[in-house]
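Visitor: Taken in sequence, the protein lines are chains A and B.
Read in order, the letters of the first sequence correspond to residues 1 to 320 in UniProt numbering.
Read in order, the letters of the second sequence correspond to residues 1 to 309 in UniProt numbering.
The set of hints was computed from the structure by calculation and includes no laboratory data.
Using N, Cα and C, we set each Cβ at its ideal position, and we do this for glycine too.
Warning: the hint list may mix true and false statements.
So the derived label-pair ranges between C-beta atoms look like this [to be verified]:
no.	chain 1	residue 1	chain 2	residue 2	range
1	B	E306	A	G267	25 to 33 Å
2	B	V23	A	V14	57 to 65 Å
3	A	A120	B	F18	24 to 32 Å
A short, non-exhaustive set of chain B residues, derived as facing chain A with CB atoms under 7 Å [unchecked claim]:
no.	residue
4	Q75
5	F205
6	L208
7	H210
8	K212
9	G245
10	P257
11	P302
12	R303
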Amino acid sequence: MLSVRDLGVAFGMVQPLSGVSFSVNKGETLGIVGESGSGKSLTAMSVMGLLPLSGGRITGGSVEFDGQDLTKLPERAYRKLRGGRIGLITQNPMTSLDPLQKIGPQVDDVAKLHLGLDGAEARARTEDILGTLRIPEPSLICERYPHQMSGGMKQRIVIAMALAADPDVLIADEPTTALDVTVQAQIIRLLDDLVKERDLALVLITHDMSVVAQTCDKIVVMYAGRAVEHGPVEEIFDRPRHPYTQALIACIPRGLDDATRLTGIEGTVPTVLNYPKGCPFHPRCPRAEAICATDPPEFSVAGDSAAACHFAEVANAQPA
Amino acid sequence: MILRYTFQRLLMLIPVSFSISVVIFMIVYLLPGDPIDNLLRVGSSAEDRAELVARYGLDRSLVVQYFVWIGNMFQGEFGQAIVLRRPVADLIAQNLPYSLTLGGLAFLFSSTVGMALGTVSAIVRHPVLDRFMRGFILLGSTVPGFWLALLLILLFSVNLGWFPVSGAGGWQSLVLPVLTIGFGGVALVARVTRVALLDAQREDFVTLLHAKGLSSGTILFRHLMPHALLPVVTILALRIGWILGGAVTVEFVFGRPGLGSLLIRALGQRDYPVVQACLLMLALAVMLGTLIGDVAQASMDPRIREKKS
Ligand SMILES: Nc1ncnc2c1ncn2[C@@H]1O[C@H](COP(=O)(O)OP(=O)(O)O)[C@@H](O)[C@H]1O
Ligand code: SF4
Ligand SMILES: [Mg+2]
Numbered sequence: 001m002l003s004v005r006d007l008g009v010a011f012g013m014v015q016p017l018s019g020v021s022f023s024v025n026k027g028e029t030l031g032i033v034g035e036s037g038s039g040k041s042l043t044a045m046s047v048m049g050l051l052p053l054s055g056g057r058i059t060g061g062s063v064e065f066d067g068q069d070l071t072k073l074p075e076r077a078y079r080k081l082r083g084g085r086i087g088l089i090t091q092n093p094m095t096s097l098d099p100l101q102k103i104g105p106q107v108d109d110v111a112k113l114h115l116g117l118d119g120a121e122a123r124a125r126t127e128d129i130l131g132t133l134r135i136p137e138p139s140l141i142c143e144r145y146p147h148q149m150s151g152g153m154k155q156r157i158v159i160a161m162a163l164a165a166d167p168d169v170l171i172a173d174e175p176t177t178a179l180d181v182t183v184q185a186q187i188i189r190l191l192d193d194l195v196k197e198r199d200l201a202l203v204l205i206t207h208d209m210s211v212v213a214q215t216c217d218k219i220v221v222m223y224a225g226r227a228v229e230h231g232p233v234e235e236i237f238d239r240p241r242h243p244y245t246q247a248l249i250a251c252i253p254r255g256l257d258d259a260t261r262l263t264g265i266e267g268t269v270p271t272v273l274n275y276p277k278g279c280p281f282h283p284r285c286p287r288a289e290a291i292c293a294t295d296p297p298e299f300s301v302a303g304d305s306a307a308a309c310h311f312a313e314v315a316n317a318q319p320a
Numbered sequence: 001m002i003l004r005y006t007f008q009r010l011l012m013l014i015p016v017s018f019s020i021s022v023v024i025f026m027i028v029y030l031l032p033g034d035p036i037d038n039l040l041r042v043g044s045s046a047e048d049r050a051e052l053v054a055r056y057g058l059d060r061s062l063v064v065q066y067f068v069w070i071g072n073m074f075q076g077e078f079g080q081a082i083v084l085r086r087p088v089a090d091l092i093a094q095n096l097p098y099s100l101t102l103g104g105l106a107f108l109f110s111s112t113v114g115m116a117l118g119t120v121s122a123i124v125r126h127p128v129l130d131r132f133m134r135g136f137i138l139l140g141s142t143v144p145g146f147w148l149a150l151l152l153i154l155l156f157s158v159n160l161g162w163f164p165v166s167g168a169g170g171w172q173s174l175v176l177p178v179l180t181i182g183f184g185g186v187a188l189v190a191r192v193t194r195v196a197l198l199d200a201q202r203e204d205f206v207t208l209l210h211a212k213g214l215s216s217g218t219i220l221f222r223h224l225m226p227h228a229l230l231p232v233v234t235i236l237a238l239r240i241g242w243i244l245g246g247a248v249t250v251e252f253v254f255g256r257p258g259l260g261s262l263l264i265r266a267l268g269q270r271d272y273p274v275v276q277a278c279l280l281m282l283a284l285a286v287m288l289g290t291l292i293g294d295v296a297q298a299s300m301d302p303r304i305r306e307k308k309s
């Protein structure tokens, strides 16, 4: 359905994203994981064709959707896809709705725009979708303003907007990061159900490995603007071959103690201005050797998965 | 909800108007000079003077004078002009329409032209246009009104002869005064509109508006403009006072009738009742402007409506 190949993004002279590839099909969930600053949102914005909003541009690679390369699509045609066939869910529901407008009209817009419905039809559809998202009293909610609702409820509204035109692909950029834990679980379950009921292709961006383990079919691990490992979830979790992936999995909290989540990796994520030479992970990598600081590793394929590490072949010997 | 909000704002104006009325009443007594001096003929006796002072109630204590004055004001009884010897209400009624026309047009001019310029400069991010706008805004916020008025008169009236030098003839006589008062406003409104639009553009929800497939034009007019309008309304409401203040000098420079001219003349003659009435009208207009601004904002922004009511 959606297939990204060797994607690169630049802002002026800096190149925060390069060599990102993945693909998703209908009824499938792809997880993109990585710490904050690893380029997950840039990937989402590239697929949506919204990089120009922040002054960025795609410098290489392709974004193939339904047989056409979106990187070459004119803006007018792209607008039909956005909201129509590709829906976006963003991170912070507190700021993702227009505070001056009621909920109803904000959702109605999508069906009006893409399905050509009139006001009443669009509203009926909105209430219908809100109902399927388990939002109580949809007609009342439509008359509310965003500030009158909780974060979890607003995120459902955002999901409703993304679904209103019955898209094929849904991109969810950390849809639960800003929510509290119980609501997080509800939203993730909701998305999971939607994929099955509507045969959606879901790109789920998260930095939470346990969410990936629960919901995803495939996974791309990103670090410092690059994909470092990708493959089917079971393979990656059973036999992670990249030291970064191993570290991420090792950091999944086993018990109720949430505190170790992702804070367990020593050091900090490099920013765009100081991406390391060679393997981007080498300053933090427990297995790094001299070659890691000089030569960027190639992908080494094993089964359906691949890892970009000089020592991926032998990594299996040291399970996480 | 909006009615209740308006009512609350009105209630809050009561103590404000009371303090303002005291200040206005007192200011006049702090001014040097005495209107009775202007009325007395050369060679009048001390008795003549005392009689005049008593006739206008100037011999009573300040507190009594204040309550008599404010009581009269409430009944729409503005009193008698001491020097001009006519009812103050007549003078106000005669001059107010001129000021309202001038102020209203200047307000309209600065809001429409200012918002248009601000919007264009926010969308068309062109370096040359940017520099022009910045220069214009700097000029608009620093050039004093009276100086601009003199320049405009020199250029358009004296040299080109397009508009009358002074007076209140037809629409031609309004052009230069409106330009003079409105110029600073245009620059200010343009700047506020521009900044507010650029800020609104950076908001998170704009990404999702684009993700819905809306066009940039739709997003601008249906979503960004209302956000930009909020600070513009605030600034415009505050501007009402500024415009009236501007009208005072501009009316004087252009020799137009109006509250400003009346005020300046009355000040020169120490004609207390007229000065007080004029100041009160100006203060009232400022309060009304703020009220309208607040209510307009509340009607646009549901968050304000809820927080304050
Ligand atoms: N507008 C921008 N200009 C320059 N660099 C940017 C911009 N947006 C993001 N970046 C850089 O791109 C990198 C990845 O950002 P992002 O995709 O937001 O990461 P993530 O979503 O994984 O947290 C970061 O290092 C960030 O500094
Ligand atoms: S290439 Fe070297 S530094 Fe990079 S992950 Fe593999 S071992 Fe670590
Ligand atoms: Mg992000």
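Visitor: Where does the structure disagree with the numbered hints, that is, which hint numbers, in rising order?
Guide: 1, 3, 4, 9, 10
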